[in-house]
Amino acid sequence: MGVAMHYVGVYAAGALKDFGLTVVSTVLSMILGVLAAVGRLYGPRLIRLLISWYVELIRGLPAILQLFILYFGLNQVGITFSPLAAALIWLVLYGVGYAVEIFRSGIMAVAQGQREAAAALGLSSGTTMRKIIFPQALVAMLPPLTSFVVLQLKNTTMLYLIGYADIMYEARLGVDATNQAGPLYVMAAIAYLIMSFIIGRIGMRMERRAAAYR
Amino acid sequence: MSNDVVVSAQGLTKRFGSQLVFEDVSLDVHKSEVVAIIGPSGAGKSTFIRCINHLHPFDGGTLELLGHTLHGGLKSPSRAVLRDIRTRVGMVFQTFNLFPHLTVMENIILAPLDVKKVPREKAVALARELLDLVGLEHKKDMYPKRLSGGEQQRVALCRALAMEPEVMLFDEPTSMLDPELVGEVLSAIQRLAKQGMTMILVTHEMTFAKEVADTVVIMADHRVAEMGPARQVLESPQTERAQQFLRRVLEPVETMEELSAAAGQGGED
Amino acid sequence: MHTLWSAWVQYLPDYWQGVRVTLELTGASLLVAIVLGFLLALARLSTLRVLDFMATAYVEIVRAIPVLIILFICYYSLAQAGLKLSGPVAAVVGLGGFYATLYGEIFRGAIMGVDRGQKEAAAALGMPEGLVMRKIVLPQAFFAILPPATNQLSNLIKDTSLVFTIAVADLMFQANAASANNFLPLDMLLLAGVIYFLFYLILSKLLARWELNVQRRRG
Ligand SMILES: Nc1ncnc2c1ncn2[C@@H]1O[C@H](COP(=O)(O)OP(=O)(O)OP(=O)(O)O)[C@@H](O)[C@H]1O
Ligand SMILES: [Mg+2]
Numbered sequence: 000m001g002v003a004m005h006y007v008g009v010y011a012a013g014a015l016k017d018f019g020l021t022v023v024s025t026v027l028s029m030i031l032g033v034l035a036a037v038g039r040l041y042g043p044r045l046i047r048l049l050i051s052w053y054v055e056l057i058r059g060l061p062a063i064l065q066l067f068i069l070y071f072g073l074n075q076v077g078i079t080f081s082p083l084a085a086a087l088i089w090l091v092l093y094g095v096g097y098a099v100e101i102f103r104s105g106i107m108a109v110a111q112g113q114r115e116a117a118a119a120l121g122l123s124s125g126t127t128m129r130k131i132i133f134p135q136a137l138v139a140m141l142p143p144l145t146s147f148v149v150l151q152l153k154n155t156t157m158l159y160l161i162g163y164a165d166i167m168y169e170a171r172l173g174v175d176a177t178n179q180a181g182p183l184y185v186m187a188a189i190a191y192l193i194m195s196f197i198i199g200r201i202g203m204r205m206e207r208r209a210a211a212y213r
Numbered sequence: 000m001s002n003d004v005v006v007s008a009q010g011l012t013k014r015f016g017s018q019l020v021f022e023d024v025s026l027d028v029h030k031s032e033v034v035a036i037i038g039p040s041g042a043g044k045s046t047f048i049r050c051i052n053h054l055h056p057f058d059g060g061t062l063e064l065l066g067h068t069l070h071g072g073l074k075s076p077s078r079a080v081l082r083d084i085r086t087r088v089g090m091v092f093q094t095f096n097l098f099p100h101l102t103v104m105e106n107i108i109l110a111p112l113d114v115k116k117v118p119r120e121k122a123v124a125l126a127r128e129l130l131d132l133v134g135l136e137h138k139k140d141m142y143p144k145r146l147s148g149g150e151q152q153r154v155a156l157c158r159a160l161a162m163e164p165e166v167m168l169f170d171e172p173t174s175m176l177d178p179e180l181v182g183e184v185l186s187a188i189q190r191l192a193k194q195g196m197t198m199i200l201v202t203h204e205m206t207f208a209k210e211v212a213d214t215v216v217i218m219a220d221h222r223v224a225e226m227g228p229a230r231q232v233l234e235s236p237q238t239e240r241a242q243q244f245l246r247r248v249l250e251p252v253e254t255m256e257e258l259s260a261a262a263g264q265g266g267e268d
Numbered sequence: 000m001h002t003l004w005s006a007w008v009q010y011l012p013d014y015w016q017g018v019r020v021t022l023e024l025t026g027a028s029l030l031v032a033i034v035l036g037f038l039l040a041l042a043r044l045s046t047l048r049v050l051d052f053m054a055t056a057y058v059e060i061v062r063a064i065p066v067l068i069i070l071f072i073c074y075y076s077l078a079q080a081g082l083k084l085s086g087p088v089a090a091v092v093g094l095g096g097f098y099a100t101l102y103g104e105i106f107r108g109a110i111m112g113v114d115r116g117q118k119e120a121a122a123a124l125g126m127p128e129g130l131v132m133r134k135i136v137l138p139q140a141f142f143a144i145l146p147p148a149t150n151q152l153s154n155l156i157k158d159t160s161l162v163f164t165i166a167v168a169d170l171m172f173q174a175n176a177a178s179a180n181n182f183l184p185l186d187m188l189l190l191a192g193v194i195y196f197l198f199y200l201i202l203s204k205l206l207a208r209w210e211l212n213v214q215r216r217r218g
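Chains as they are written, first to last, in numbering that gives the first Met the number 0: chain A, 0 to 213; chain B, 0 to 268; chain C, 0 to 218.
Distance condition first, Cα-Cα at most 27 Å in a straight line; then the derived DSS-like pairs of lysine-lysine:
1) Lys-209/B <-> Lys-193/B
2) Lys-30/B <-> Lys-209/B
3) Lys-134/C <-> Lys-115/B
4) Lys-121/B <-> Lys-193/B
5) Lys-115/B <-> Lys-139/B
6) Lys-118/C <-> Lys-121/B
7) Lys-139/B <-> Lys-193/B
8) Lys-116/B <-> Lys-134/C
9) Lys-30/B <-> Lys-193/B
10) Lys-30/B <-> Lys-115/B
11) Lys-134/C <-> Lys-121/B
12) Lys-74/B <-> Lys-115/B
13) Lys-139/B <-> Lys-116/B
14) Lys-121/B <-> Lys-139/B
15) Lys-74/B <-> Lys-118/C
16) Lys-144/B <-> Lys-134/C
17) Lys-118/C <-> Lys-116/B
18) Lys-115/B <-> Lys-118/C
19) Lys-139/B <-> Lys-118/C
20) Lys-134/C <-> Lys-118/C
21) Lys-144/B <-> Lys-118/C
22) Lys-134/C <-> Lys-139/B
These are computed hints drawn from the structure, not numbers from a lab.
Please take these sequences and the hints and turn them into a complete structure.
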C-alpha cells in the first residue's frame, strides 16, 4: 500500500493530462463532426460519399492501429509528430468518425413533420436546423455522446505506447521500478472509473436539462 | 342446466400493493354456463378473470376450480397444480397476444406439443379442424402480422381451444377490433357456447351478452354490484349502481343495435 | 508500389499466423462473453435482490474500465497476486469478462423488450417458465439481440488488437514485429489494416443482408 500512496500524486497529474486531452479532442471532434454530419446528409454527392467512406474506415479499424499508423507509420514517409500532437490528432480524427454518426442519426430522428412545419412557416433551412431540428436532436444524441466521451477517455490509455506521459505511462514505469503490478494497475483502473463516473454524471445532468420540454 | 360447479369463487379479494382492485367477489360457474362480466373501466374485471387461471395471485378468499382449491395469500399453488389449471383453462386476450415469430399453425400446436405432449400428427389435425371451423384453414402458414385483427383473434381462439380446455376465459375479445370485424369473432364464440363450453367473458357488447350469456355479473366500485340471469339483470336491474351503469351504457347501444346485428351476421358466412 | 507488394508477400505467413490467433481469441472471448453475459442478464432480471445487486455492480464497474487496463490486471496484477495466467488465457478472461457486461445489457434489454402479453399468453397455455423463456421470449428477443450483438463482435475483434501488450502474438503483434524488422512500419501496418477492415466489412455486410431478409420475411 505504501507504493500506492507514493503514486497518488503522479497519477493525479497523469489523470489531468488524460482528462484534458479528452475534453479538448471532444470539443474539436464535435465541431468537425457537426459539419461533417450536415455534409453527409445535405452535401453534394461526392462529399456525402467521401464522408461515409471516412466514417467506415475509422469505425472499421482498431483505434490502436490508427494511432500507430499516424505515429510510427507516417514516420516512414518523413512525417513526424510529437507524442502530444499525435495524440491530439489521433483522438480528433477518430472522434470525428464517431461524432458524425451520432449527429446524423440524431438529426434524422427528428420527425419529418417538424421540418415541414418549419418550411411552411417560411423559416430558412439554416434557421430550421439551428432552432428546430438541433435542439430536438440533442435529446436523442446526448446518451450516445456521453458514451462517446467515455470511449475517448478510455482510448487515452493507449497513449503510453507512443510515449505520452499519462497515467498508464506512470503505471508502467512504476511497475518496472517496484514490481507492484497489483496495486498500481488497480489504481489506474480506479482513476479511470472516477473519470468515467464524472463524465457520466455531467451527461446525465445535461440529458435532464435538454429533455425538460418533454 | 346441470348442477356441477366448475369454478367457484368465495369472497375473492385482490390488491396491487395498497390499492384495492376488488373485494368479496363470490361467483359459481356451472358446467356449460356462460357468464358475462360487465362494468365500468377500472372495476377490476380483467384482474378478476386473470385470477381464475392465476396469472395474478389473489389476496383473500377461496377459489375452487376443476377439483383444486386455492386460498388467497402468500403461498402460491404448486407448479403441478398451476400447470393443471392452465392446461385445462383456456384464455383469449384483448390484444390477441399471438406469438409473432411463429406461423398460425405453429402458434396453435406449440402448447399441445410441448405442454401436453400430444403427438404431432394429432396436434396438427386438431389445429386444422379448429382453423377450418373459424374459416382460416388457408392462412395456416402465415405469420400473425399479415392477418387482420379479426383473423388474429380467431387464431388466438383456436390456440386456446387446441388445448381442449374445460373452461374458457375471454377478456374483452373484440374491443381492439374494427367494428366490421367484431361479428366474425363474436359468432365464433357464440358457436362455442352452443356446443356447451363453460365460459367466463368480460365484454362491452351488451347485445351479445344478452343473447349468449346465461348469467350476467356487473362489477363496479371494486365489487359485484349485481348478478343474475342475463335478461333479468340487463333489462330490470335491481340495484342503484347497476341501473346507473346500464343507463349510461345501453343508451348508445340502443341506437347502434342495427349496426352490431349486421356485424354479427357478417361473420356467419 | 513494388516494394509495398514485396514487403507484404514476404510477411504473409506471419500475418496468417497472427490472423489465426486473432480469430481464436475472438471466438473464445465471444463464447465467454455470451455465456457470462446471459447469466448476468438473468441475474439482473431475477427477483433475488442479492443476485441483481451483484450483477449490477459487476456490470457498472467492469464496463467503465478501459480494456487495456483490464488486460493488464488479468495478466500482470493477477500474476503478482499469485494467479499466473498465460497471455492468451488472460486475454480471453479479460476480453470475455469485459464484453460480458456489454452482451449482458443487450440480452437484458431485449428480454425486457418482449411484450408482457406474450409471457402471459404462454403462461395461460400452461407453459412452465423455462419453456416460455426458450420458445417465446428468447426467439423474439433474438431479433433485437442480433444487430447490437454483431456490432459488439466487430468491436471485440478490434479490441483483440490490444493483446500484443500482454505478449500474445496476434495480428497486431505480427504487424509490429514486421515493422521492427524491415523498418517499413507504414507498409506493414497498412497490411494489418486491410485485414482488420475486411473482417469489419464482412460482419457488417452479413448483418445488413440478414436484416433485409428479416424485414422481407416478417414485413
Ligand atoms: N399490474 C398491475 N399493477 C398495478 N395495478 C394494476 C395492475 N393491473 C391493473 N391494475 C389496476 O387495477 C384496477 C383494475 O384494473 P382492471 O384492468 O382489472 O380493470 P377492468 O375492469 O378490466 O377495466 P377495463 O374495462 O378498462 O379493462 C385498475 O385501477 C388498474 O389500474
Ligand atoms: Mg380490462
